[in-house]
Structure formats: C-alpha cells, structure tokens
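In order, the protein sequences belong to chains A and B.
Quick note on the numbering used here: the first sequence kicks off at 59 and runs consecutively.
Quick note on the numbering used here: the second sequence kicks off at 59 and runs consecutively.
It should be emphasised that the hints constitute simulated quantities derived from the structure, not laboratory data.
Careful, some of the hints might be misleading.
Said to hold, decoys possible - Derived DSS-like pairs (lysine-lysine); straight-line CA-CA distance at most 30 Å:
#1 B:Lys355 with A:Lys91
#2 B:Lys160 with A:Lys368
#3 A:Lys355 with B:Lys166
#4 B:Lys370 with A:Lys160
#5 B:Lys172 with A:Lys172
#6 A:Lys166 with B:Lys166
#7 B:Lys355 with A:Lys166
#8 B:Lys184 with A:Lys276
#9 A:Lys184 with B:Lys360
#10 B:Lys91 with A:Lys370
#11 B:Lys91 with A:Lys355
#12 A:Lys115 with B:Lys295
#13 A:Lys160 with B:Lys99
#14 B:Lys166 with A:Lys370
#15 A:Lys276 with B:Lys368
#16 A:Lys370 with B:Lys99
#17 A:Lys166 with B:Lys279
#18 B:Lys355 with A:Lys279
#19 A:Lys166 with B:Lys115
#20 A:Lys172 with B:Lys368
#21 B:Lys63 with A:Lys184
#22 B:Lys88 with B:Lys115
#23 A:Lys368 with B:Lys166
#24 A:Lys88 with B:Lys166
#25 A:Lys360 with A:Lys246
#26 B:Lys91 with A:Lys172
#27 B:Lys172 with A:Lys63
#28 B:Lys160 with A:Lys172
#29 B:Lys184 with A:Lys99
#30 A:Lys355 with B:Lys276
#31 A:Lys166 with B:Lys256
#32 B:Lys368 with A:Lys283
#33 B:Lys166 with A:Lys172
#34 B:Lys370 with B:Lys115
#35 B:Lys297 with A:Lys78
#36 B:Lys355 with B:Lys297
#37 B:Lys290 with A:Lys115
Predicted model, so just to flag it, every value in this text is computed and none were measured.
Residues per chain are reported as follows:
Protein chains: 2
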Amino acid sequence: MVTIKDVAQDAGVAVGTVSKVINGQHVSEKNRKKVEDSIRKLGYQINYYAKGFKMQKTFTAAVIVPDVRNPFFSEWVYYLEQAFFRHGYKIFLCNTQEDGEKEEYYFKMAVQNKVDGIVCISYQEKETPVSEMVPVISLDRHFEQRISCICSDNYHGGELAAMKMIEGGSRELVYIRSGSMISGETLKRGIGFADYCKKKKIHCRELFLGEEKESIQKRRKLYEKEIRDFVKQHTRKGKPDFDGIYTSTDWLGGIVLSVLSSQGISIPDQVQLVGHDGLLDQASGEYILSTIVQPVKELAEKSVELLLEKMKGTEIEPITMLPVTF
Amino acid sequence: MVTIKDVAQDAGVAVGTVSKVINGQHVSEKNRKKVEDSIRKLGYQINYYAKGFKMQKTFTAAVIVPDVRNPFFSEWVYYLEQAFFRHGYKIFLCNTQEDGEKEEYYFKMAVQNKVDGIVCISYQEKETPVSEMVPVISLDRHFEQRISCICSDNYHGGELAAMKMIEGGSRELVYIRSGSMISGETLKRGIGFADYCKKKKIHCRELFLGEEKESIQKRRKLYEKEIRDFVKQHTRKGKPDFDGIYTSTDWLGGIVLSVLSSQGISIPDQVQLVGHDGLLDQASGEYILSTIVQPVKELAEKSVELLLEKMKGTEIEPITMLPVTF
Numbered sequence: 059m060v061t062i063k064d065v066a067q068d069a070g071v072a073v074g075t076v077s078k079v080i081n082g083q084h085v086s087e088k089n090r091k092k093v094e095d096s097i098r099k100l101g102y103q104i105n106y107y108a109k110g111f112k113m114q115k116t117f118t119a120a121v122i123v124p125d126v127r128n129p130f131f132s133e134w135v136y137y138l139e140q141a142f143f144r145h146g147y148k149i150f151l152c153n154t155q156e157d158g159e160k161e162e163y164y165f166k167m168a169v170q171n172k173v174d175g176i177v178c179i180s181y182q183e184k185e186t187p188v189s190e191m192v193p194v195i196s197l198d199r200h201f202e203q204r205i206s207c208i209c210s211d212n213y214h215g216g217e218l219a220a221m222k223m224i225e226g227g228s229r230e231l232v233y234i235r236s237g238s239m240i241s242g243e244t245l246k247r248g249i250g251f252a253d254y255c256k257k258k259k260i261h262c263r264e265l266f267l268g269e270e271k272e273s274i275q276k277r278r279k280l281y282e283k284e285i286r287d288f289v290k291q292h293t294r295k296g297k298p299d300f301d302g303i304y305t306s307t308d309w310l311g312g313i314v315l316s317v318l319s320s321q322g323i324s325i326p327d328q329v330q331l332v333g334h335d336g337l338l339d340q341a342s343g344e345y346i347l348s349t350i351v352q353p354v355k356e357l358a359e360k361s362v363e364l365l366l367e368k369m370k371g372t373e374i375e376p377i378t379m380l381p382v383t384f
Numbered sequence: 059m060v061t062i063k064d065v066a067q068d069a070g071v072a073v074g075t076v077s078k079v080i081n082g083q084h085v086s087e088k089n090r091k092k093v094e095d096s097i098r099k100l101g102y103q104i105n106y107y108a109k110g111f112k113m114q115k116t117f118t119a120a121v122i123v124p125d126v127r128n129p130f131f132s133e134w135v136y137y138l139e140q141a142f143f144r145h146g147y148k149i150f151l152c153n154t155q156e157d158g159e160k161e162e163y164y165f166k167m168a169v170q171n172k173v174d175g176i177v178c179i180s181y182q183e184k185e186t187p188v189s190e191m192v193p194v195i196s197l198d199r200h201f202e203q204r205i206s207c208i209c210s211d212n213y214h215g216g217e218l219a220a221m222k223m224i225e226g227g228s229r230e231l232v233y234i235r236s237g238s239m240i241s242g243e244t245l246k247r248g249i250g251f252a253d254y255c256k257k258k259k260i261h262c263r264e265l266f267l268g269e270e271k272e273s274i275q276k277r278r279k280l281y282e283k284e285i286r287d288f289v290k291q292h293t294r295k296g297k298p299d300f301d302g303i304y305t306s307t308d309w310l311g312g313i314v315l316s317v318l319s320s321q322g323i324s325i326p327d328q329v330q331l332v333g334h335d336g337l338l339d340q341a342s343g344e345y346i347l348s349t350i351v352q353p354v355k356e357l358a359e360k361s362v363e364l365l366l367e368k369m370k371g372t373e374i375e376p377i378t379m380l381p382v383t384f
C-alpha cells in the first residue's frame, strides 16, 4: 500500500506539500507537478471514502450539458474533467438533451449522490432549487440568486465581429441567431454587434431563426431553409444586398457557409462571414470559419476553481467573464 | 415525496412493472416507455443509497475513453450515457489521454468508488487487474481473460471498402493506417481489405504511419507529411500510380483528403477514398467522406446490455460483433 509518505519521498517534497496538493490547496506549480507525477507513478490512491467521511465530502462533481456530441460541449467537458482530475475529483457526466425535466432529474440525482458541486449548462428558465443544497456554477447563463455564472465576454465578441468586418470593407451587415438556446449571456453577442454598427453608422439587420424546440437534425433543415430564403430574397442577379454576416454560433456559421456556396456567393470576396465559438474542423484541425474564439480551456479551469472556492464557502462574483479573441 | 405507487398509477401499470424497469429487468418496450415517462414527469427519485445498500450496488458505472473531444468517442460516450440512464445508472467520465498510467489510475478509482461496472476503450497491453473485481466491457480490444470485448465487424468493413472501390473501377489500391492505437480488433480492417483484394487479384499496398506516441496535434502534422511524401513519390505529371485509398479511420481519411486536394488530385475521379468510422461533419451534418459506418449507438446499447448481464453473473461471449455498413 503506497502511503502519502512514499509520495513525498518520491517527489522530494514535504508530506505537508503532498497533503496540500491532495486537498486542492495552493502550492507552487513546480511542486504540484512533482507530486502529481509521483502520485501517478506510484499509483497512490487517495482514500476518498475515509477522507470523505472525515471531511463530509465525496470528491465527486456533476457536469450537466445538453449534448456531449456538440464539439463545443465535448471540449468543455474534456477540460472540466482534466481540471477536476487535478484536484482529485471525479465527474458524473449528464446529457440533458435540452430537456428541462431531464435536467432537473439530474440536478436531483447529483444531490442524492452527494456530489460536492455541479457545473452546468442550464436550459431552465428558473434557478434549480438544488442550488440551495450544493454549490453550482453555470456557463453562459446568469440566474438571480445562488448560482454563479461564468462566461466569455459575449458583448465584446459581437463588437469584435462587427469591427473586423467593417475593417474588411463590409457596409451592410446581418446578424443571424437562433432562439435563445441559452438565453441571457449569449444574447449580448448580438447587442455588442448592433451597438458597434450603430457607433460606426453601419446598417445592420437581424435574422432571427426561431426557438430551438426541434431536434438538432430537424433544426438544421429548418434553419437551412430559412437562411436560403433570406439569401434568395436579398440577392439580385447573383449580387446580395449584404456584404457581411455574423452568426451567434459556428454551427450556424457552417450552415450559412454551405447556403452561400450553393448560391454561388463567394466568401469573403462578396460576403464576409464570422462565427462565434472557435470550433475546429475535425478533418483539417483548423477553424471552420473566421470566428470569435471562446477560451474553452480557461473557462473550464476557472469554473472548477470557482466551484472549489464556493465549496469552501467563499463568496464569489455573480458573473465571471473571460476575454474572447478573433 | 413521489412513491413507486404514484409512478405505477400515472403510467397505468402494476407496481411490479415499475419495479422491473427500475431494476433493469425485462418489460415490454411500451411499458418501459410509459414508466420512464412517468418517472421523469413526476420527478420520482430512486433511493439509490437505500437500494444500493440492500443490493450491494451503487448504480454507477465508469466510462473510460482516451479523449472525449474525438467525435467518435463523444458519440460513444453520449449513447452509453443514454443507455445507462435508461437503466437508472449514472456514469463517471474518465479521459485517459492515451496514458497507460492514467488509465490504470482510473480503473482503480472506479473500483474504489464501488462502481458496478466499467466500459472502456483501453490502450493497455495487459488486462487490468481490476477486472477481477468488477465486470468490464472493452470496445475494439480483445483481452484474454475476464474482460469481454465488443466491436463492429472490422474484417468485413475492410472487405466492403475494397469491394466498393473495385466496383467503382479502382485497380491500384492503398491501405493507410496508423500505429495500432487500439491493437487487436481494428487491425482486422486492413486484413479484410487485403484479403478481398487478393481474392479479386487487385494489387494492394499498405502505408504504415508509425506508432501513435505523440499528441494528436503533432501526430496530424507528422502523418500529413508522411502522406504528402508518399503521394508525391507515387505521382508523375499529376497522375498518381494508385486509384483508391482506404484509411483505417475517418480522421486519417480527412488528412488524406486535404493532401490529395492540395496536390491537385481529384476525388473520386482520379482516386477513390474510403474511410472508416462514419463521422459526420459538424458544419454540414453529412459524412466527411465515403466511409465504413460503425453502428455507434447500437454498440453503446449492446455494451450496456452486456455489462448488466455480466453484473448478474451471466457468462457472456468473449467477443460480440455488430455489422457495419458502407
């Protein structure tokens, strides 16, 4: 049986340092790495049960997302798991399929299984009552009471998209968004975009594609049709009356891309296109399109950090915002 | 507090039927759906702790994958979670990053947290000792002793790829594969391919890209270079001396696609290209390339079914194979 002393000896640090790493307390990056390497090398097993008993903790967290197949969410889950792992936590993965009932079921399951905290992407209108019982961090959605929100700077993302296209020569802009999948913070993308256009006296329209009630496959078809109709309606003799499109997500951007291509409209010569998220194409490993990049890894790491603080009872800001890049 | 009786009443079935659904026993699909709908509707909470105590079960399973960001694995995890959910199970998600030590750490963690079973994609050479203590199902990798393997029909996948390209007119085939990420079952893709070519007296070469020791980003660059060198070496005046390529994964197929395009070689006119896995492009929702499709959803559902059988102590086949399609 490998003990904490063996780890300390192998890592060449004090027993207290190992203990700090295990308890998620601050030590230097160098020492943390040494200790983590030794823990892995020796196969040291933290006795979570004994430990949990003493500390009233289970070292588990629940990660609630709509659908891990969405590449943005799978990156999000991956980096959360890595960050939790470094702090000795395991995660329950829950896919809600954007179903409010299933989401609430998972919130309750998490509490019943005595998780120490929850990180969620919530589709609910109201804050879950579970947040009274366990610390919760929410991505992109700000609730009024106990849940803390983390997000990237959506407003500035919208501004950046407008700025880049105006610099690139666009004068007739369109913002395309779908019904507020996650209302709240992401709406600010469009507001930042519109505000910047107004400031620069550039004309800007919005195409709103309706609520996201259907399955993702059906939605794609619906949106594709709506976008095609819009493009056709605004194109005369192969010339569109707009020259820049910003979409609220890269996924939507991908649909716009294929519609414009099929209509023989060239990008970026005739129309500049900017998405939002920073998804990478699986085949090429490059961005699908010009995009406002959310710092997914940093968002995940910060979420775990905030959650651990919250578990300790520290008051944290209702909203924590990280910067985006073009 | 919602009870099992409330669920039975709402669903219009007997209490025994609800109990069977909760315990993962067989009931008709119709009744299962009714019960599941009522459980969700009423927010019925199975008392796992009391139940677990009585049954010596925790209703948790561990899902161990290399990296959930890989779209094949994220689909796999998604469908596993759905299937486990239907049986009242929660899952721990573990990303090993193809690191044997981390994988073993997670196996031990799973046992320590008293999971009822594990579904893994293992990169280890040897069977984990953990399999003595808890039922384990492995995707695509067949171990000798206690772990049961599930896979799709890789050999026939290789045959199908060869058949389709030969039917399409190809006479000089190349099989490109990377170092056995998961040795064992996936190697049969190349064997099925070569066997079919031999039977049809079609010439067939193999390009082996070496071991997967680097990070995925580095690997992409290395493989891209190797493939480009191969293509250049085998192309004279814009004419390649091969007219069909089969890759062991769609991910590799994507790299081949971009190399061929950059060399001005047209697909499928000059060279037919077939991948393996059945990945969908995020932007278009269509297959990235012609491909041998693995039935991911069915593989996941079957894995959970087999694991539940194994938990009950039922002997199951060492390998279970599901069909592939083109």
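Requested in this report: For the pair supplied as a hint, lysine 172 of chain A and lysine 368 of chain B, confirm whether the alpha-carbon distance does not exceed 30 Å.
Outcome: Holds. Lysine 172 of chain A to lysine 368 of chain B sits at ~27 Å (cutoff 30 Å).
Query raised in the report: Is lysine 184 of chain B within 30 Å of lysine 276 of chain A, Cα to Cα?
Result: Measuring from Cα to Cα gives roughly 45 Å; hence the hint is violated.
Query raised in the report: CA of lysine 355 of chain B to CA of lysine 91 of chain A, is that 30 Å or under?
Result: violated (38 Å)
Query raised in the report: Within a Cα-Cα threshold of 30 Å, do lysine 63 of chain B and lysine 184 of chain A meet the stated pairing?
Result: Holds, at about 29 Å.
Requested in this report: Given the hint that lysine 88 of chain B pairs with lysine 115 of chain B, test it: the Cα-Cα distance must not exceed 30 Å.
Outcome: Holds: lysine 88 of chain B and lysine 115 of chain B sit about 27 Å apart, inside 30 Å.
Report task. Please work out if lysine 91 of chain B and lysine 172 of chain A have their alpha carbons no farther apart than 30 Å. Result -> holds (28 Å)
Query raised in the report: Within a Cα-Cα threshold of 30 Å, do lysine 276 of chain A and lysine 368 of chain B meet the stated pairing?
Result: violated (38 Å)
Query - Holds or violated: lysine 355 of chain B to lysine 279 of chain A, with C-alpha atoms at most 30 Å apart - result: holds (22 Å)
Query raised in the report: Is it true that the CA of lysine 297 of chain B sits at most 30 Å from the CA of lysine 78 of chain A?
Result: violated (63 Å)
Query raised in the report: Are the Cα atoms of lysine 184 of chain B and lysine 99 of chain A separated by 30 Å or less?
Result: Holds, at roughly 17 Å.
Requested in this report: For the pair we were handed, lysine 355 of chain B and lysine 166 of chain A, check the Cα-Cα distance against 30 Å.
Outcome: Roughly 27 Å separates the two Cα atoms, so the pair holds.
Query raised in the report: Are lysine 370 of chain A and lysine 99 of chain B close enough, with their CA atoms no more than 30 Å apart?
Result: It is violated: about 34 Å lies between the C-alpha atoms, which goes past 30 Å.
Taken one by one, the earlier hints fail for this structure at numbers 1, 8, 9, 10, 11, 12, 15, 16, 17, 31, 32, 35, 36, 37, listed in ascending order.
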